[in-house]
Amino acid sequence: MSTARSGSFVLFPLGRKRFALPASEVSELARPGVIHTFPSNTLMVTGVLLRRGEVIPVCDVAQVLAAKEEPSRKFYLIAKRRFEKKDESAAIPVSGDCELTSSELLPPTGKLAAYVNGLLSLEKEIVEVIDLEKVMSEEAQ
Amino acid sequence: MRLQRQNRRKSHGPKTQPVILFVVGDHTFAISASAVTEIQSTQEMKPIASQMFRYGKVHHTITRDGRRYWVVDANIHFAMMPTHSSRLLMLAESPVAVKVDAIVRMAEIGTLVPLPQSFKGDERNWYVGLTLLEGGVVPVVNPASFLSRFDMEALEKTSPVYEVSAAAVGVTA
Numbered sequence: 001m002s003t004a005r006s007g008s009f010v011l012f013p014l015g016r017k018r019f020a021l022p023a024s025e026v027s028e029l030a031r032p033g034v035i036h037t038f039p040s041n042t043l044m045v046t047g048v049l050l051r052r053g054e055v056i057p058v059c060d061v062a063q064v065l066a067a068k069e070e071p072s073r074k075f076y077l078i079a080k081r082r083f084e085k086k087d088e089s090a091a092i093p094v095s096g097d098c099e100l101t102s103s104e105l106l107p108p109t110g111k112l113a114a115y116v117n118g119l120l121s122l123e124k125e126i127v128e129v130i131d132l133e134k135v136m137s138e139e140a141q
Numbered sequence: 001m002r003l004q005r006q007n008r009r010k011s012h013g014p015k016t017q018p019v020i021l022f023v024v025g026d027h028t029f030a031i032s033a034s035a036v037t038e039i040q041s042t043q044e045m046k047p048i049a050s051q052m053f054r055y056g057k058v059h060h061t062i063t064r065d066g067r068r069y070w071v072v073d074a075n076i077h078f079a080m081m082p083t084h085s086s087r088l089l090m091l092a093e094s095p096v097a098v099k100v101d102a103i104v105r106m107a108e109i110g111t112l113v114p115l116p117q118s119f120k121g122d123e124r125n126w127y128v129g130l131t132l133l134e135g136g137v138v139p140v141v142n143p144a145s146f147l148s149r150f151d152m153e154a155l156e157k158t159s160p161v162y163e164v165s166a167a168a169v170g171v172t173a
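Quick note, the sequences are listed as chains A and B, same order.
So in my numbering, spot 1 of the first sequence is number 1, and the numbers just go up one at a time.
So in my numbering, spot 151 of the second sequence is number 151, and the numbers just go up one at a time.
A hint or two may mislead.
Taking CB as the label site, the calculated pair distances span [said to hold, decoys possible]: (1) A:S8 / B:K15: 38 to 48 angstroms; (2) B:A33 / A:E54: 24 to 34 angstroms; (3) A:Q63 / B:V104: 42 to 52 angstroms; (4) A:E84 / B:G129: 10 to 20 angstroms; (5) A:K85 / B:T16: 25 to 35 angstroms; (6) A:G110 / B:E156: 22 to 32 angstroms; (7) B:P114 / A:A67: 27 to 37 angstroms; (8) B:E134 / A:N41: 37 to 47 angstroms; (9) B:T37 / A:Q63: 48 to 58 angstroms; (10) A:E84 / B:A92: 30 to 40 angstroms; (11) A:V34 / B:K15: 22 to 32 angstroms.
Just so you know, these hints were derived from the structure itself, not from any lab.
Being a predicted model, the structure only gives us computed values, none of them experimental.
Every residue, glycine too, gets a C-beta built ideally from N, C-alpha and C.
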């Protein structure tokens, strides 16, 4: 019995590592823009971007995925977040260019963080496929 | 029937509402103009003797027309660093005055954008939504968030009525 599933993924760099999200959850890679901030106390949500008249919250997952490195945030990956009422776009700051790849999603093995949904075994690296909701949840912090 | 209803809706045109823009620290906020009865300076504020209030965001009162208002420090309410406050927004629906740095101006705002669901903290109570103004995003504050009824009752218990000035009581008598 095989537990691997094939699919398309978007690879994005954060510091020295790359992570992946299912391509179905990503809509675009955006250039850096002005972050509009206002007082709030939701961890990792650092402000909002205005894109084509839409207000998009900035979810800085680097605080969990690469906190020690303090990586640069060059672009925004616009991803879909799932909520009870409706889905919502979120801007995820990433350190560089992203890449679309097709690969088998292998089940997580060993001691991996709770937000790791699976692994991609690529030519030169093993990439963690993350569950955005788990990263953003309090448990992951 | 349904068509008629749609047409009626269309004829109303875009809805706008007047707001007061104010600043606290580096941030600009908006509050519905109908939620504010007047704007005062901070000079007539009186310190509260008892500081039992759990959040410590009320340090002063101000009396207007014999009515005592609890002065909420906007810096503390929004968990911001202290700044120099010079104005009080006297709220219409509750005996609350909000201490802010300055009033910017009045403005007309259009659609109120709901706060994105990614925001899950106290800001869900602080704001009724966001508005887009001159290329920026301005949160529109929820006047009811500054002090709850429970908070006001707690303040009433810890701050006796004699703090209202005799002169002000004389006006209403």
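Verification of the supplied hints:
1. A:S8 / B:K15: 38 to 48 angstroms: For S8 of chain A and K15 of chain B the Cβ distance comes to about 43 angstroms; the hint holds.
2. B:A33 / A:E54: 24 to 34 angstroms: Holds: the Cβ-Cβ distance is about 27 angstroms, inside 24 to 34 angstroms.
3. A:Q63 / B:V104: 42 to 52 angstroms: 32 angstroms, violated
4. A:E84 / B:G129: 10 to 20 angstroms: Between E84 of chain A and G129 of chain B, where Cβ atoms are some 19 angstroms apart, the hint holds.
5. A:K85 / B:T16: 25 to 35 angstroms: 27 angstroms, holds
6. A:G110 / B:E156: 22 to 32 angstroms: 59 angstroms, violated
7. B:P114 / A:A67: 27 to 37 angstroms: 30 angstroms, holds
8. B:E134 / A:N41: 37 to 47 angstroms: 26 angstroms, violated
9. B:T37 / A:Q63: 48 to 58 angstroms: 42 angstroms, violated
10. A:E84 / B:A92: 30 to 40 angstroms: 34 angstroms, holds
11. A:V34 / B:K15: 22 to 32 angstroms: At roughly 27 angstroms between Cβ atoms, K15 of chain B and V34 of chain A fall inside 22 to 32 angstroms, so the hint holds.
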